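**Student:** Sequences listed follow chains A and B, in order.
Using my numbering, read the first sequence as starting at 1 and increasing by one per residue.
Using my numbering, read the second sequence as starting at 1 and increasing by one per residue.
Calculated from the structure, these hints are not laboratory results.
Check each hint, because a few of them may be wrong.
To be verified - Derived CB-CB ranges, DEER-like:
1. B:103 <-> A:349: 51 to 61 Å
2. B:255 <-> A:162: 51 to 61 Å
3. B:146 <-> A:329: 28 to 38 Å
4. A:426 <-> B:114: 31 to 41 Å
5. B:121 <-> A:273: 20 to 30 Å
6. A:107 <-> B:114: 45 to 55 Å
7. B:127 <-> A:107: 45 to 55 Å
Here the structure is a predicted model, which means the values were calculated and not measured.
Beta carbons are placed, not taken as given, at the ideal position from N, Cα and C, and that holds for glycine.
The lines below spell out each chain.
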Amino acid sequence: MDDAILEMRGITKRFPGVTALEDVSLTVRRGQIHAICGENGAGKSTLMKVLSGVYPTGSYDGEIVFEGRPVHFGGIRDSEAVGIVIIHQELALVPYLSIAENIFLGNERRGRGGFIDWNRTNADAAGLLASVGLDENPVSPVIQLGVGKQQLVEIAKALSKEVRLLILDEPTAALNDVDSAHLLDLLRRLRDRGITCIMISHKLNEITAIADSTTVIRDGRTVETIDMRGGGVTQERIIRGMVGRDLDSFYPDRVSTPGEEVLRIEDWTVWHPVQHRKVVDGASLTVRAGEVVGIAGLMGAGRTELAMSVFGRSYGRDVSGRLYMRGRPVKARTVAEAIGNGIAYATEDRKRYGLNLIADVRANVSAAALGKLSRAGWVNGNEEIKVAEESRQDLNIKTPTVMDPVGTLSGGNQQKVVLSKWLFTDPDVLILDEPTRGIDVGAKFEIYTIINRLVAQGKAVIVISSELPELLGMCDRIYTLSAGRITGELAVDQATQETLMALMTKEKELAG
Amino acid sequence: MTTFADVRSRLARPQQRRYLPLYATLALLALMYGSGVAQYEAFSDPQVVLNVFIDNGFLLVVAVGMTFVILTGGIDLSVGAVVALTTMVSATLLQEQGWPAFTVLPLVLLIGATLGFGMGCIIHYFEIQPFIVTLAGMFLARGLCYTIGTSSITIDDPFWTRMAQSKVRFGDNFISPSVIIALVVVLVAVYVLAFTRLGRNTYAIGGNPRSAHLMGLPIARTRIAVYTISGFCSALGGVLLSFYMLSGNSLHAVGMELDAIAAVVIGGTLLTGGSGFVLGTVLGVLVLGLIQTLITFDGRLSSWWTKIVIGALLFAFILLQRLITPRKR
Numbered sequence: 001m002d003d004a005i006l007e008m009r010g011i012t013k014r015f016p017g018v019t020a021l022e023d024v025s026l027t028v029r030r031g032q033i034h035a036i037c038g039e040n041g042a043g044k045s046t047l048m049k050v051l052s053g054v055y056p057t058g059s060y061d062g063e064i065v066f067e068g069r070p071v072h073f074g075g076i077r078d079s080e081a082v083g084i085v086i087i088h089q090e091l092a093l094v095p096y097l098s099i100a101e102n103i104f105l106g107n108e109r110r111g112r113g114g115f116i117d118w119n120r121t122n123a124d125a126a127g128l129l130a131s132v133g134l135d136e137n138p139v140s141p142v143i144q145l146g147v148g149k150q151q152l153v154e155i156a157k158a159l160s161k162e163v164r165l166l167i168l169d170e171p172t173a174a175l176n177d178v179d180s181a182h183l184l185d186l187l188r189r190l191r192d193r194g195i196t197c198i199m200i201s202h203k204l205n206e207i208t209a210i211a212d213s214t215t216v217i218r219d220g221r222t223v224e225t226i227d228m229r230g231g232g233v234t235q236e237r238i239i240r241g242m243v244g245r246d247l248d249s250f251y252p253d254r255v256s257t258p259g260e261e262v263l264r265i266e267d268w269t270v271w272h273p274v275q276h277r278k279v280v281d282g283a284s285l286t287v288r289a290g291e292v293v294g295i296a297g298l299m300g301a302g303r304t305e306l307a308m309s310v311f312g313r314s315y316g317r318d319v320s321g322r323l324y325m326r327g328r329p330v331k332a333r334t335v336a337e338a339i340g341n342g343i344a345y346a347t348e349d350r351k352r353y354g355l356n357l358i359a360d361v362r363a364n365v366s367a368a369a370l371g372k373l374s375r376a377g378w379v380n381g382n383e384e385i386k387v388a389e390e391s392r393q394d395l396n397i398k399t400p401t402v403m404d405p406v407g408t409l410s411g412g413n414q415q416k417v418v419l420s421k422w423l424f425t426d427p428d429v430l431i432l433d434e435p436t437r438g439i440d441v442g443a444k445f446e447i448y449t450i451i452n453r454l455v456a457q458g459k460a461v462i463v464i465s466s467e468l469p470e471l472l473g474m475c476d477r478i479y480t481l482s483a484g485r486i487t488g489e490l491a492v493d494q495a496t497q498e499t500l501m502a503l504m505t506k507e508k509e510l511a512g
Numbered sequence: 001m002t003t004f005a006d007v008r009s010r011l012a013r014p015q016q017r018r019y020l021p022l023y024a025t026l027a028l029l030a031l032m033y034g035s036g037v038a039q040y041e042a043f044s045d046p047q048v049v050l051n052v053f054i055d056n057g058f059l060l061v062v063a064v065g066m067t068f069v070i071l072t073g074g075i076d077l078s079v080g081a082v083v084a085l086t087t088m089v090s091a092t093l094l095q096e097q098g099w100p101a102f103t104v105l106p107l108v109l110l111i112g113a114t115l116g117f118g119m120g121c122i123i124h125y126f127e128i129q130p131f132i133v134t135l136a137g138m139f140l141a142r143g144l145c146y147t148i149g150t151s152s153i154t155i156d157d158p159f160w161t162r163m164a165q166s167k168v169r170f171g172d173n174f175i176s177p178s179v180i181i182a183l184v185v186v187l188v189a190v191y192v193l194a195f196t197r198l199g200r201n202t203y204a205i206g207g208n209p210r211s212a213h214l215m216g217l218p219i220a221r222t223r224i225a226v227y228t229i230s231g232f233c234s235a236l237g238g239v240l241l242s243f244y245m246l247s248g249n250s251l252h253a254v255g256m257e258l259d260a261i262a263a264v265v266i267g268g269t270l271l272t273g274g275s276g277f278v279l280g281t282v283l284g285v286l287v288l289g290l291i292q293t294l295i296t297f298d299g300r301l302s303s304w305w306t307k308i309v310i311g312a313l314l315f316a317f318i319l320l321q322r323l324i325t326p327r328k329r
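Let the sequences and hints guide you as you build the complete structure.
**Tutor:** Structure below.
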């Protein structure tokens with residue numbers, strides 16, 4: 001039972017401008033649960049998309065050998081035909097179809113004349129549900145199930161396709177503790193039935209509990225594969241492989257002179273908008289004037305959710321907790337109120353949430369504080385262009401004119417437009433969510449310089465980032481967030497990538 | 001002296017790209033006019049163009065309102081029915097109830113604006129698709145017409161007949177007072193969209209509603225305002241139509257909502273919102289009017305060919321928009 005079911009050799013996948021995977025190799029042994037872990041953006045999901053045919057043969061370099069034979073996939077159908085099934089983090093069920101219909105979607109049980117044999121469909125579905133331990137009527141619609149149960153339906157669907165290698169991308173990210181434990185149990189049972197499983201996960205306690213071997217990926221390369229069967233492999237052992245990213249940027253020097261407190265939140269709790277779980281749980285933090293505070297956390301830790309809920313409750317429901325600006329309790333129930341109280345939030349996804357790409361630079365810069373440029377509803381167009389021009393020069397936005405559409409600028413310059421927009425609202429505290437995501441090294445340095453200039457002017461800045469070197473290079477203090485809880489607060493001179501990662505993966509012990 | 005290559009490289013500049021549909025419509029218009037002049041001697045009379053304005057003033061006003069709605073990424077299917085309702089309410093109040101013109105006028109405008117306001121509120125606060133809400137509004141308004149009366153009511157109110165018959169002359173040519181009203185509406189709309197916060201918020205919401213929300217823009221106020229504007233414009237369009245027809249009829253303006261949408265799209269406004277100009281809509285209305293005129297001059301073709309040509313043009317312009325808008329990843 002120690003032969004390899006899958007070998008991926010020398011996989012290299014490039015996107016325009018970035019190399020997502022560089023000569024990655026992965027060997028998975030038959031009948032094992034194989035975990036893959038790495039920081040955000042390390043290339044885990046890309047590797048799984050290559051394996052499942054989402055990126056077809058030809059769009060990457062390298063070789064995939066499955067069951068001893070080289071395979072070439074043109075799409076997901078091809079990989080499913082040989083028994084490789086991927087379950088994505090965002091579940092792909094059709095909400096208003098029944099469980100049975102979802103399980104056999106595209107793979108219908110047909111009777112005479114090519115019509116669907118509903119009796120057989122529902123009976124087979126009932127059998128599959130029993131094998132994943134889900135006690136539900138196969139004809140009930142999927143939308144009535146919670147995420148945990150939907151996950152089980154996905155697995156039942158995979159089983160219906162005679163799966164030999166099951167890939168799960170962050171299967172427990174959206175689950176509560178009980179559902180997670182249940183899912184891990186199921187994976188063990190499937191392993192005993194001979195189904196090999198690849199699991200991408202951030203939750204190191206789950207990995208140490210369940211995985212037979214673990215491959216660590218960092219910056220698009222395989223770092224190591226650890227054999228976990230003997231036991232005794234600790235979470236710290238895995239963390240050591242995950243971190244240690246090279247410092248690929250320089251950070252401008254800054255003299256830190258924190259002033260008085262600007263923003264404080266206490267006991268901040270946010271519920272998921274539709275699911276029954278807390279996304280942020282009792283978080284408290286403070287930021288002082290002239291200070292850069294970092295928030296570190298892995299995907300799904302609740303960083304963005306925390307920031308957006310503070311910013312006018314633009315995320316979540318039943319937000320509770322206390323918010324103070326300069327020591328005074330304030331209510332920021334809408335985005336407009338938050339801006340009025342001096343809070344600004346620059347989103348991590350500037351294209352979808354941060355900018356009006358088809359509008360020009362001028363309109364984007366002025367949009368959030370147009371009131372400052374208008375009288376009785378009439379916008380002073382000349383003043384507006386002047387403001388945009390000043391921003392262009394101040395932040396060195398490279399655009400032919402301020403009348404060019406923002407969608408035509410590069411990522412770094414788009415980010416400067418986002419910053420200009422928020423600076424024009426004259427905030428006391430700026431929350432920057434992944435401010436350097438997807439921009440090149442030169443523009444990163446410019447963004448860092450701008451941040452330094454802002455704190456020198458006495459503004460408070462919160463930086464949310466997946467890149468630990470960036471946080472260590474830019475911040476005065478760093479909070480770590482794990483599963484919605486603040487698990488640590490470190491002054492930057494006490495923090496290392498290892499200590500941060502340990503706090504970021506710290507969780508309650510698994511239930512059951 | 002600008003060469004063709006100069007023009008092309010200027011158009012290729014991203015800054016100019018949003019004007020491309022506008023230029024395309026303008027070129028189309030010139031082409032149509034040129035072919036008309038080349039074929040028919042009488043076509044070169046300036047009055048031909050002025051007649052296009054006279055015959056389409058009401059459509060112009062309705063299409064201006066529609067431009068606001070489409071700029072936010074919405075749609076208003078109720079406009080034709082609101083136009084018809086306005087003609088019916090005006091006719092019955094003037095003829096059967098004997099109300100004075102200057103009471104009827106503000107009342108019908110208020111009715112239109114209120115209908116638009118109501119639909120805007122439902123669209124925003126209940127988060128229902130504009131398509132469905134305004135479809136319901138269309139049935140409501142059209143149904144109300146028939147409860148007032150099923151036959152045509154002729155209007156002989158002195159103010160109405162004066163508006164219908166008087167001509168604003170300049171030289172040998174003339175336009176109707178309705179054209180002046182329509183042009184004033186166009187001017188006001190141009191200014192509101194370009195120079196007011198309402199206008200800027202309209203573009204911002206249409207361009208990216210999610211980013212508009214995260215900037216704290218007044219989304220509710222803006223969305224309700226655009227439907228109110230569209231309702232008001234429909235009612236004003238209805239008044240102009242009743243000047244033109246001197247009658248109220250439940251069957252007036254059947255399908256006008258689609259003509260208005262066509263004019264807006266041919267004028268270069270993105271159906272997904274966020275980009276477009278009122279002046280483009282004016283050109284769009286002129287294109288529709290000129291097709292009609294050309295077919296009339298030809299005399300051999302059935303006037304239903306207008307619809308076929310409009311269909312082909314719509315298709316061409318939607319394709320053009322696909323080509324010039326930046327693709328999403």
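**Student:** The structure should be examined with respect to each hint, and the outcome stated for every one.
**Tutor:** How the hints compare with the structure:
1. Checked against the hint of 51 to 61 Å, the pair residue 103 of chain B and residue 349 of chain A passes, with Cβ atoms roughly 54 Å apart.
2. The given range of 51 to 61 Å is respected by residue 255 of chain B and residue 162 of chain A, whose C-beta atoms sit roughly 55 Å from each other.
3. Checked against the given bound of 28 to 38 Å, the beta carbons of residue 146 of chain B and residue 329 of chain A, roughly 59 Å apart, lie outside it.
4. Distance hint check: the CB atoms of residue 426 of chain A and residue 114 of chain B are about 39 Å apart, consistent with the given range 31 to 41 Å.
5. Distance hint check for residue 121 of chain B and residue 273 of chain A: the Cβ-Cβ separation is about 24 Å, which falls inside the suggested range of 20 to 30 Å.
6. Judged by the Cβ atoms, the range 45 to 55 Å given for residue 107 of chain A and residue 114 of chain B holds: they are separated by roughly 54 Å.
7. Distance hint check: the CB atoms of residue 127 of chain B and residue 107 of chain A are about 35 Å apart, inconsistent with the given range 45 to 55 Å.
Checked against the numbered hints listed earlier, the structure breaks hints 3, 7; every other hint is satisfied.
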